[in-house]
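With these hints in hand, go ahead and build the complete structure from the sequences.
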Amino acid sequence: MVKDSVKDLASLALSEAERLGADYAEARVQGGVGYGFMLKNGEPQPSMVEDSFGIGVRVICGGALAFGATNLMDRASVKGLTAKTVKMAISSKSLVKNPVKLDRSRSVKQKVVVPQKESIEGADAAWLKKLLVDIDGRIEDGRDAGAGSSVKIPNRIVVASSELEEKYFVSSDGAEVEFITPRVHFFAIMTAISNGEAAQRIVQQGETGGLEVVARLDLANKVQEEARILRLVVAKATKSPTGVMDVLLSPELSGIAAHESVGHPQEADRILGREGAQAGESYLKKDSLGTKIGSREANISDDPTLAHSNGFAPVDDEGVRATKRYLIVDGRITEFLHNRSTAAQLKVRDNGAARAVGFNREPIVRMSNTFVEPGDYSRDEIVKEVKDGVYIKSFTEWNIDDKRLNQRYVGLEAYRIKNGALGEMVKAPVLEITTPALWASVKARSKRLEFEAAVCGKGDPMQGIPVWTGGPDTLLGGVRIGTR
Amino acid sequence: MVVDSQQVNEHAMKVAKKLGVEDAVFLSVVGSEQMVRFANDSLSVSKRIEERVLSVYLARGGKRIVGGSTNVEKQGIESFVERLHKTMVNLTRDPAYVPLPKGARKFTRPSAHDEGLGESEKDVSEAARVAIESARSAGAKRSAGAVEATLAATDILTSSGTVGHDVGSSILLNIRSFTDANASGHGLSCSSTLKGLDAKGAGRTAGEHSKRMQNSKQPSEGTYTVLMSPTVASNLISLIGSFASAFSVEAGISYLADKLGKKVASPSFCLTDHGTIKGGLGGRSFDDEGTPTQSTRLIQDGVLKSYLHNLGTANRFKTKSTGNGGWIEPNPWNLEVGAGDSTYDEMVSSIKHGIILTSNWYTRFSNYRTGEFSTVPRDGTYLVENGEVTTPLSGLRMSDSLERLFSSVVLLSKQRQWIEWWEVDEPTLCPWVLVEGVKITRAYGSSP
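Chains as they are written, first to last, in the numbering used here: chain Y, 1 to 484; chain F, 1 to 448.
Source of the hints: derived by calculation from the structure; they are not laboratory data. Among the hints, a few may not be true.
Restricting the straight-line Cα-Cα distance to at most 25 Å, the calculated cross-link-like pairs of lysine to any residue (SDA-like) are [said to hold, decoys possible]:
1) Y:K130 - F:T87
2) Y:K292 - F:Y444
3) F:K74 - Y:D8
4) F:K86 - Y:E50
Here's what the structure looks like:
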């Protein structure tokens, strides 16, 4: 629970900003305690403890926006910070040509407490270490890998972290929101080597919730299976076919494509140019709503309300209730991601996508859990329809241009599909494709909907924020596959 | 509130020694960051972040723990150190533990920072205004960017009695100008002092590229000679700096593993890490373990000469720390690529069939162990045919491996520039770099 003394500091910042003439003010106290542990090639590294807490104050004065933050949590420091922040806004007015306005979203008064079956406080360094020793042992033990059992995985980084974040937000528009968010995150990078061949796999998993997250994710078994597959990639994968063919994307691939080429270009702040010099802009314009971008099978959403999700944010960091966003429906662009400022500029309802990763970062438009909506088929039914193609189940290298139009995904675990059946494992198929070509080629989706955890980077200073990416198996008809 | 950083360290040390800790390091950092961001020629936000952070390393009985706390009140320091200690004693012994060296050192550095960057609200706004106007004069329709000034003081105290105080400053300007959907240009200026900032020049560069990039075409896929600007080359070289960390080598996430003493680049390529260097944007006179920082030649005439070490990795590699700790992993401070002897014009003239890249982003690896990657060029990008710059290009991707790429360096420029920005974490002093045989691809579905 956020202490009353801390809430008082947020209220102090608000009243001080208003007294000094701010047209709008908000204060966000945010922080928590986190534990982390890492094994490198089976060897424990020093365990890590983070205790971070501070206050961020944002004000608007005559259309000029300013943000100040400090971790000095005494009344004099908070008053001083607020005064500096208001002064910054006032003195910067002459350089503001496009005044910042906020929409009139209904301000929320709510307490958001993520439920924990087993308290996150039990996940201290010793608990995390025990978890990782088990997982690392399973990665190293290749007895279940069949043809890949002779392939070694000598290099392994496995990291687990737990965090209990507390956040309290108040605004001069009447919002008052308290958040208690426990979080578990897992990261691994493993390198398999045999006869001069090397392959690498990064695994990320994360959810909001207590220690039950580890069991729910079936983490140890999942990572063991990834290690088994990695050995097979080194031992068995043969040259990928190239040319134009059908490509079946797994939930992991569908998810990264949804995130990179739908979620990002539909962030309204990018469309309006605010991230132009860093994360870039968008191939979409203010008037792109309704544009046909994909086939009728292209349906992509972003939902911050999914229980125990990595991107769980049912109320955003501007005190606005967040709703599921239908980004692409039946192939048409239907909704952008908004904060109060972009919603006011485009004269639409704010869907509550403003998030800040810490007290020292301003809230900006972010995705939460972005995914291709599931379809009606089983994966096997889709495979049966493919005469000649490739199934890409996991990926390594990926990137996209800053307008989100030209993307590339390099497969790690991938299989040939011949005459309706999965065949041999193939090496590093490359899907390098434009956004319209990708989504126009969607022919079918499976029923299963699965998610991966990711940390999405945006903003200046950089903010890496937890998200989920996901989707079903998604069939692309007639696209080009290359190879490295 | 404990205000003085060494008082924070001393109080924390008192608590740690009372608990029976054998090795301890306390690092107090007091920093301020002033930033303005702009978009569409208009200021979008002003920011000021003031932080005081205490970082802690404790070891006892072969067990180790590290932590960071923003609560530097007396009671907060006590409870944080006690919590770390309590967590540590429940752990098992750490086989990689290496004791801190005995003997006290005292670190001071002649002041090289710009104290004014601590209170630089007017200066960053003015730099933004100058850059925007300069870009517009050079042909830009609109510009976006950021100016960021930082001032940070670090104090160290170790259980061996080592003390040190170091102050660093930097001001970074990043501007991107646009004329149409596919026509943009990028300009940077980075300095450790306000005086060294060239806002006008950065704006002019961004504006000129945005004008020249109009009516860009997509190139044919194939192999090209590529001339990388200091901005593009620094993006890749700062990654080489991270790959030179002995931690990355041990973890199998470095293509430089097993390459000590071997050729990893062209004979003309030299790379050095400096703890401190005149004009450097980062760095300190001591590392996180109280080891003096130094200049470490990583690549000499194309041959890998050294990794970057902290005490732990140095012990395992049977060498000495290079002063790059990092309690968990060693990291570079300031990277310097040796200058060449070519001018930019000479480099362009030497290209028969090539591409000039002035900015890039989103470099990602297929495999850190092999160094295979791709990156996405953006902003000023030009086709060069028979020594002449002919056509602005967009919609391309560069795909290679770091070892092949830097083993194919044919020319380096005399002129070098300090680079640190959104896509370059480690400050890098870098020339223009001309490379042969680079694979360029385009996306399926893109128009010719």
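Cross-check of the supplied hints:
Between the alpha carbons of Y:K130 and F:T87 the distance comes to roughly 14 Å, so the proposed pair stays at or under 25 Å and holds. For the hint pairing Y:K292 with F:Y444, the CA-to-CA distance comes to about 19 Å; that is within 25 Å, so the pair holds. Taken as a hint, the F:K74 and Y:D8 pair is honoured in the structure, with Cα atoms around 21 Å apart against an allowance of 25 Å. Our distance criterion of 25 Å between C-alpha atoms is met by F:K86 and Y:E50, whose separation comes to about 14 Å.
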